[in-house]
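Chains as they are written, first to last, in this note's numbering: chain A, 67 to 361; chain B, 67 to 361; chain C, 67 to 361; chain D, 67 to 361.
Rather than coming from a laboratory, the hints here were simulated on the basis of the structure. None of the values given here were measured: they were computed from a predicted structure. Careful: at least some of the hints might be erroneous.
Remember, identical chains collapse to one label, so a pair may be satisfied in a single copy or spanning two.
Said to hold, decoys possible - With a cut-off of at most 25 Å between alpha-carbon atoms, the simulated DSS-like pairs for lysine-lysine come out as follows:
#	residue 1	residue 2
1	Lys300	Lys69
2	Lys69	Lys297
3	Lys348	Lys86
4	Lys301	Lys352
5	Lys348	Lys186
6	Lys140	Lys98
7	Lys195	Lys69
8	Lys140	Lys195
9	Lys91	Lys140
10	Lys300	Lys91
11	Lys86	Lys98
12	Lys301	Lys68
13	Lys177	Lys297
14	Lys186	Lys68
15	Lys91	Lys352
16	Lys86	Lys195
17	Lys140	Lys72
18	Lys352	Lys98
19	Lys177	Lys86
20	Lys68	Lys195
21	Lys301	Lys72
4 protein chains.
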Amino acid sequence: MKKEFKGIFTALTTPFGEEKVLPEKFRENIEKYNQYELAGYVIGGSTGENVYLTDDERDVLLRTARETAAPGRKLIAGTGCESTLNTIVATNRAAEMGADAALVILPHYYKSLMTVDALKAYFLTIADKAAIPLIIYSIPRNTGITPPAELIVELSLHPNILGIKDSSGNLTLLEEAGPFMPEGSTFLLGAGSILFPGLLMGASGGIMTLAATVPELCIQLYSLFLEGKFKEAKKLQLELVFLNQAVTRDHGVPGAKYVLDLRGYYGGPCRSPLLPLGDAVKIHIKTILTDLNLI
Amino acid sequence: MKKEFKGIFTALTTPFGEEKVLPEKFRENIEKYNQYELAGYVIGGSTGENVYLTDDERDVLLRTARETAAPGRKLIAGTGCESTLNTIVATNRAAEMGADAALVILPHYYKSLMTVDALKAYFLTIADKAAIPLIIYSIPRNTGITPPAELIVELSLHPNILGIKDSSGNLTLLEEAGPFMPEGSTFLLGAGSILFPGLLMGASGGIMTLAATVPELCIQLYSLFLEGKFKEAKKLQLELVFLNQAVTRDHGVPGAKYVLDLRGYYGGPCRSPLLPLGDAVKIHIKTILTDLNLI
Amino acid sequence: MKKEFKGIFTALTTPFGEEKVLPEKFRENIEKYNQYELAGYVIGGSTGENVYLTDDERDVLLRTARETAAPGRKLIAGTGCESTLNTIVATNRAAEMGADAALVILPHYYKSLMTVDALKAYFLTIADKAAIPLIIYSIPRNTGITPPAELIVELSLHPNILGIKDSSGNLTLLEEAGPFMPEGSTFLLGAGSILFPGLLMGASGGIMTLAATVPELCIQLYSLFLEGKFKEAKKLQLELVFLNQAVTRDHGVPGAKYVLDLRGYYGGPCRSPLLPLGDAVKIHIKTILTDLNLI
Amino acid sequence: MKKEFKGIFTALTTPFGEEKVLPEKFRENIEKYNQYELAGYVIGGSTGENVYLTDDERDVLLRTARETAAPGRKLIAGTGCESTLNTIVATNRAAEMGADAALVILPHYYKSLMTVDALKAYFLTIADKAAIPLIIYSIPRNTGITPPAELIVELSLHPNILGIKDSSGNLTLLEEAGPFMPEGSTFLLGAGSILFPGLLMGASGGIMTLAATVPELCIQLYSLFLEGKFKEAKKLQLELVFLNQAVTRDHGVPGAKYVLDLRGYYGGPCRSPLLPLGDAVKIHIKTILTDLNLI
Numbered sequence: 067m068k069k070e071f072k073g074i075f076t077a078l079t080t081p082f083g084e085e086k087v088l089p090e091k092f093r094e095n096i097e098k099y100n101q102y103e104l105a106g107y108v109i110g111g112s113t114g115e116n117v118y119l120t121d122d123e124r125d126v127l128l129r130t131a132r133e134t135a136a137p138g139r140k141l142i143a144g145t146g147c148e149s150t151l152n153t154i155v156a157t158n159r160a161a162e163m164g165a166d167a168a169l170v171i172l173p174h175y176y177k178s179l180m181t182v183d184a185l186k187a188y189f190l191t192i193a194d195k196a197a198i199p200l201i202i203y204s205i206p207r208n209t210g211i212t213p214p215a216e217l218i219v220e221l222s223l224h225p226n227i228l229g230i231k232d233s234s235g236n237l238t239l240l241e242e243a244g245p246f247m248p249e250g251s252t253f254l255l256g257a258g259s260i261l262f263p264g265l266l267m268g269a270s271g272g273i274m275t276l277a278a279t280v281p282e283l284c285i286q287l288y289s290l291f292l293e294g295k296f297k298e299a300k301k302l303q304l305e306l307v308f309l310n311q312a313v314t315r316d317h318g319v320p321g322a323k324y325v326l327d328l329r330g331y332y333g334g335p336c337r338s339p340l341l342p343l344g345d346a347v348k349i350h351i352k353t354i355l356t357d358l359n360l361i
Numbered sequence: 067m068k069k070e071f072k073g074i075f076t077a078l079t080t081p082f083g084e085e086k087v088l089p090e091k092f093r094e095n096i097e098k099y100n101q102y103e104l105a106g107y108v109i110g111g112s113t114g115e116n117v118y119l120t121d122d123e124r125d126v127l128l129r130t131a132r133e134t135a136a137p138g139r140k141l142i143a144g145t146g147c148e149s150t151l152n153t154i155v156a157t158n159r160a161a162e163m164g165a166d167a168a169l170v171i172l173p174h175y176y177k178s179l180m181t182v183d184a185l186k187a188y189f190l191t192i193a194d195k196a197a198i199p200l201i202i203y204s205i206p207r208n209t210g211i212t213p214p215a216e217l218i219v220e221l222s223l224h225p226n227i228l229g230i231k232d233s234s235g236n237l238t239l240l241e242e243a244g245p246f247m248p249e250g251s252t253f254l255l256g257a258g259s260i261l262f263p264g265l266l267m268g269a270s271g272g273i274m275t276l277a278a279t280v281p282e283l284c285i286q287l288y289s290l291f292l293e294g295k296f297k298e299a300k301k302l303q304l305e306l307v308f309l310n311q312a313v314t315r316d317h318g319v320p321g322a323k324y325v326l327d328l329r330g331y332y333g334g335p336c337r338s339p340l341l342p343l344g345d346a347v348k349i350h351i352k353t354i355l356t357d358l359n360l361i
Numbered sequence: 067m068k069k070e071f072k073g074i075f076t077a078l079t080t081p082f083g084e085e086k087v088l089p090e091k092f093r094e095n096i097e098k099y100n101q102y103e104l105a106g107y108v109i110g111g112s113t114g115e116n117v118y119l120t121d122d123e124r125d126v127l128l129r130t131a132r133e134t135a136a137p138g139r140k141l142i143a144g145t146g147c148e149s150t151l152n153t154i155v156a157t158n159r160a161a162e163m164g165a166d167a168a169l170v171i172l173p174h175y176y177k178s179l180m181t182v183d184a185l186k187a188y189f190l191t192i193a194d195k196a197a198i199p200l201i202i203y204s205i206p207r208n209t210g211i212t213p214p215a216e217l218i219v220e221l222s223l224h225p226n227i228l229g230i231k232d233s234s235g236n237l238t239l240l241e242e243a244g245p246f247m248p249e250g251s252t253f254l255l256g257a258g259s260i261l262f263p264g265l266l267m268g269a270s271g272g273i274m275t276l277a278a279t280v281p282e283l284c285i286q287l288y289s290l291f292l293e294g295k296f297k298e299a300k301k302l303q304l305e306l307v308f309l310n311q312a313v314t315r316d317h318g319v320p321g322a323k324y325v326l327d328l329r330g331y332y333g334g335p336c337r338s339p340l341l342p343l344g345d346a347v348k349i350h351i352k353t354i355l356t357d358l359n360l361i
Numbered sequence: 067m068k069k070e071f072k073g074i075f076t077a078l079t080t081p082f083g084e085e086k087v088l089p090e091k092f093r094e095n096i097e098k099y100n101q102y103e104l105a106g107y108v109i110g111g112s113t114g115e116n117v118y119l120t121d122d123e124r125d126v127l128l129r130t131a132r133e134t135a136a137p138g139r140k141l142i143a144g145t146g147c148e149s150t151l152n153t154i155v156a157t158n159r160a161a162e163m164g165a166d167a168a169l170v171i172l173p174h175y176y177k178s179l180m181t182v183d184a185l186k187a188y189f190l191t192i193a194d195k196a197a198i199p200l201i202i203y204s205i206p207r208n209t210g211i212t213p214p215a216e217l218i219v220e221l222s223l224h225p226n227i228l229g230i231k232d233s234s235g236n237l238t239l240l241e242e243a244g245p246f247m248p249e250g251s252t253f254l255l256g257a258g259s260i261l262f263p264g265l266l267m268g269a270s271g272g273i274m275t276l277a278a279t280v281p282e283l284c285i286q287l288y289s290l291f292l293e294g295k296f297k298e299a300k301k302l303q304l305e306l307v308f309l310n311q312a313v314t315r316d317h318g319v320p321g322a323k324y325v326l327d328l329r330g331y332y333g334g335p336c337r338s339p340l341l342p343l344g345d346a347v348k349i350h351i352k353t354i355l356t357d358l359n360l361i
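Okay, chain A solo, but in the shape it has when bound:
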């Protein structure tokens, strides 16, 4: 049986200064995250501006994370490229750098040709050749593709595919695929807005930008769920809705990094072409944090 990836994973941001990766700031952030009971870290996800990184930069980040992460923390590396071949190479390179699993986004440039058969062949081929297990990464807002439940179930039967991270923001795939994936499968939520309802419907946990900005509250929510304190969990979930929307749907990574700056982490600028936040947005985000008694 596969080892299920459970609990709260922080999707790490990538610290930049004048467009350069700052590994020392990355290390310092991880050290701060280490104090919370997080299940692990994602390096090179959407939150990590992965599409803006070079291969060498990804290496540095992964090695730094491996060195710095508290013992037992799982490291998940974003390794999805458009081609099957490049994804295999990137995945095995991540394995060498110490990643425990690879997060592989659906290839999507040739959207209309990414049929179920094409996607199936893609993931099975990679799973066969990968030195570490895979987690399928579905994020329809960015890829324009919603994988059908049957595909996810079938792929989850492969011994080297752990399961899926679903950032759709709804519960459809969890409800349709979840119950039919083999025992020990991993179903991680990508949307902080449905962490509690998703856990209730059977999710393993979450990989969330939200957990980069308020890791302690995400863990608290997860604990309330585990303890069956559903009323408190609902309350906390609702309190987190606006912060979550601000750092995902509305203002994305620049929004998340600004929250980090306000909370004592290193946020800093994003890489171009992502623009800095305007003043109105900054005030809006500050207000949300003040309402949550976080600043």
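Got chain A; can you put chains B, C and D on it based on the hints?
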């Protein structure tokens, strides 16, 4: 304070025979539904093929429902037209026929012009002139419009607007608008797939096609929620997922009517241009019902 | 062989005053249009706010148009409802009021169920029973449905289907279906932005909001095309682009009516929920007309 | 004044054998294309499976193209990455390999954050630092972004931005931006289906997959346009519609490569995850070519 509409509402189908409305079959179906603890019935919703009905047919259906519905059952009539004027007329006509509330879909033909201001004026004007209270009806799949949470909150402050039926299939609006709507507001789920998670996050109940096909199971799910039996509720919710998809997303009203035929209600044909189901779909639906031990 | 509908058709607006139809203003507008070599008029199209009219109002408008239109002008009535039955009734009612042809929009409320087979049966059934010939009306922006070329070709083989009005704004359907429709078929463009290129690729003419606002320029463009003065045609087409966008994509019927007001026609307000234009938009539209030396 | 890029450019495919780039086959294809009066070649466009290539492979292809292309042929290299920095590096590397211009796709992973301001800063920064001039590449089907005309006009004022390749498949941007771009600007059509109407409305030429499969016919169409033989041009344009759809919208690069195989070029397989064509599609494509008397 407004009177919250709570619990499970059946979205009634409209029985046809050779393209004609069959009020007697409509009556018989309602009599069957009367045996369950349903909160009420929706006449002329999407499930009722409202867009295919004439005004006179709507009258007959409403009067029949009023005569037949068990005491205390709330009747909600679909009265949304594209124009403000026609919707007011239709709403007040429904009031005369005995409706307790009107379900008013977002006008959507001129999508790009249906700004927040246009929608606000539309609903406020109707609410001012309507003899019965309104429930806003959001169904983005059919209208192409997703109303912002702020609009729903603002509209819910009007004394004659009860709240919203949201058929988006996700929890976004519930989480973003729900906590800010005045006490006593109504938030009804339109998607059977998220009844349980939606109730957990604060929804008042549901108006669902699913409740036309398996009213007893929808009520059971609602009861399990009220009793705090969350584990059983989750199990039942997951069991209902495929039936729900079959009678909504996949096969729509023709699918729902076929389930009715199989379960001792009158389903019958839909009005043209809705086509009868093919044999493969019928077998698929039968299998789902067999798996649920319903036939 | 069918009689092809050729040339420029004005999509008439419906004059309102305090939400009431003003037949006298409608008549006056038509009298003004009569002075131009227009092929005919469309009553109850998208430009005519058809979705906001009652059956009786449609009757009045059609009869007024029949009485007022210059001899030989073709009258095309928008008669598409969601149900097959209602569309047949509306079409034959329009025939009685004097319409020469019916413009029938694709039914679209149950989008996902409007398969090729459903649409085919819909149009063939109506064509069989209609007292006047049909023109299929495709407007994907409003309906969310793009009919495949094969369907349009097949439908055009029916003796009572003249062809199509395509408001897609691109040339795909014209190029893919046009050459395969039987001789004498009608292919009318709904987008003023591609009148000239569309005519060059074989279109019969156009039904356009633009032809309600600047009929003389639309006719001039059509004449330049007929005379082979392609350089001048291109120049005029480009000059009309911004006016066309203003009265369709950007500001819709309210925009078109404002242009009418400025040019000596009766424009007046739209029906609610369409809002009046703001001042900035009015200035923008005035500037466009000034640039065209029209005011 | 900038040097306008005019005429027909072939979007080259990248030959693979067992997933490896085959530079010799690439050279042979170019030698065949050299016999036609093409304006130049695009290396590493969507047709060239650019997203599947490594930097080193791009170098080899560009150098081979530079060595092989007939004198005077312009080489345009696809160099767009998601980050500003990486695109500058890739562009200057392409310049060193002999490219005459760079084709830079709109960055699109963080779609909702790619505002007009973000895109403007992106292209202006790159244009400032690039050793060769840029052509903006808009392909909404793949990127999900349609740039507004104002942005394209403003960017075209930069001395190092030649203009745009627009693969939208409609004439909107050409009509709205074209007349306002400075003299000498380049507007290349990416959709073979509207080559003739686009040229008539002012386009400079085309960069088309179609020109990889039937370069002689694309050139013939362009010549007919230049000679004012519009009737023949229309006829030829319509004849090309189905082939064009087959190698773009319907079957993409695998379809184009199959046409190459049938016509004496090296087509060969695409890189995974693009799947080989099924037999039914192959027969369909053969029929199209037979109808065109090409095989």
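Hint by hint, here is what the structure shows:
When the C-alpha separation of Lys300 and Lys69 is checked against a cutoff of 25 Å, the pair qualifies only between copies, where the shortest distance is 24 Å, while the shortest distance within a copy is 29 Å. In this assembly of identical chains, Lys69 and Lys297 lie within 25 Å of each other by CA distance solely across copies; the values are 24 Å between and 30 Å within a copy. Taking the shortest alpha-carbon separations for Lys348 and Lys86, only the intra-copy value of 23 Å comes in at or below 25 Å, while the best inter-copy value is 48 Å. For the homomeric pair Lys301 and Lys352, the shortest alpha-carbon distance inside one copy (21 Å) is at most 25 Å, but the shortest distance between copies (41 Å) is not.
Taking the shortest Cα distances, Lys348 and Lys186 sit within 25 Å of each other only across copies (22 Å), while inside one copy they are farther apart (43 Å). When the C-alpha separation of Lys140 and Lys98 is checked against a cutoff of 25 Å, the pair qualifies only within one copy, where the shortest distance is 16 Å, while the shortest distance between copies is 54 Å. Taking the shortest Cα distances, Lys195 and Lys69 sit within 25 Å of each other inside one copy (19 Å), while across copies they are farther apart (49 Å). For the identical chains of this complex, Lys140 and Lys195 are intra-copy neighbours only, at 21 Å inside a copy versus 41 Å across copies, given an alpha-carbon limit of 25 Å.
Proximity of Lys91 and Lys140 under a CA criterion of 25 Å is satisfied intra-copy only: 20 Å inside one chain copy versus 46 Å between copies. Taking the shortest alpha-carbon separations for Lys300 and Lys91, neither the intra-copy value of 34 Å nor the inter-copy value of 43 Å comes in at or below 25 Å. Taking the shortest alpha-carbon separations for Lys86 and Lys98, only the intra-copy value of 22 Å comes in at or below 25 Å, while the best inter-copy value is 45 Å. Proximity of Lys301 to Lys68 under the C-alpha cut-off of 25 Å is restricted to the inter-copy arrangement: shortest distance 23 Å between copies versus 34 Å within a copy.
In this homomeric assembly, Lys177 and Lys297 never come within 25 Å of each other (Cα to Cα): the closest approach is 42 Å inside a single copy and 36 Å across copies. In this assembly of identical chains, the alpha carbons of Lys186 and Lys68 lie at most 25 Å apart only when taken from the same copy (20 Å versus 48 Å across copies). Proximity of Lys91 and Lys352 under a CA criterion of 25 Å is satisfied intra-copy only: 23 Å inside one chain copy versus 56 Å between copies. Taking the shortest alpha-carbon separations for Lys86 and Lys195, only the inter-copy value of 18 Å comes in at or below 25 Å, while the best intra-copy value is 32 Å.
Within a single copy, Lys140 and Lys72 get their C-alpha atoms as close as 10 Å, which meets the 25 Å cut-off; across copies the closest is 45 Å, which misses it. In this assembly of identical chains, Lys352 and Lys98 lie within 25 Å of each other by CA distance solely inside one copy; the values are 21 Å within and 55 Å between copies. Taking the shortest Cα distances, Lys177 and Lys86 sit within 25 Å of each other only across copies (23 Å), while inside one copy they are farther apart (32 Å). For the identical chains of this complex, Lys68 and Lys195 are intra-copy neighbours only, at 17 Å inside a copy versus 50 Å across copies, given an alpha-carbon limit of 25 Å.
Taking identical chains as interchangeable, the C-alpha atoms of Lys301 and Lys72 lie at most 25 Å apart whether they share a chain (22 Å) or sit on different chains (21 Å).
The structure fails hints 10, 13 (numbered hints given earlier, in ascending order).
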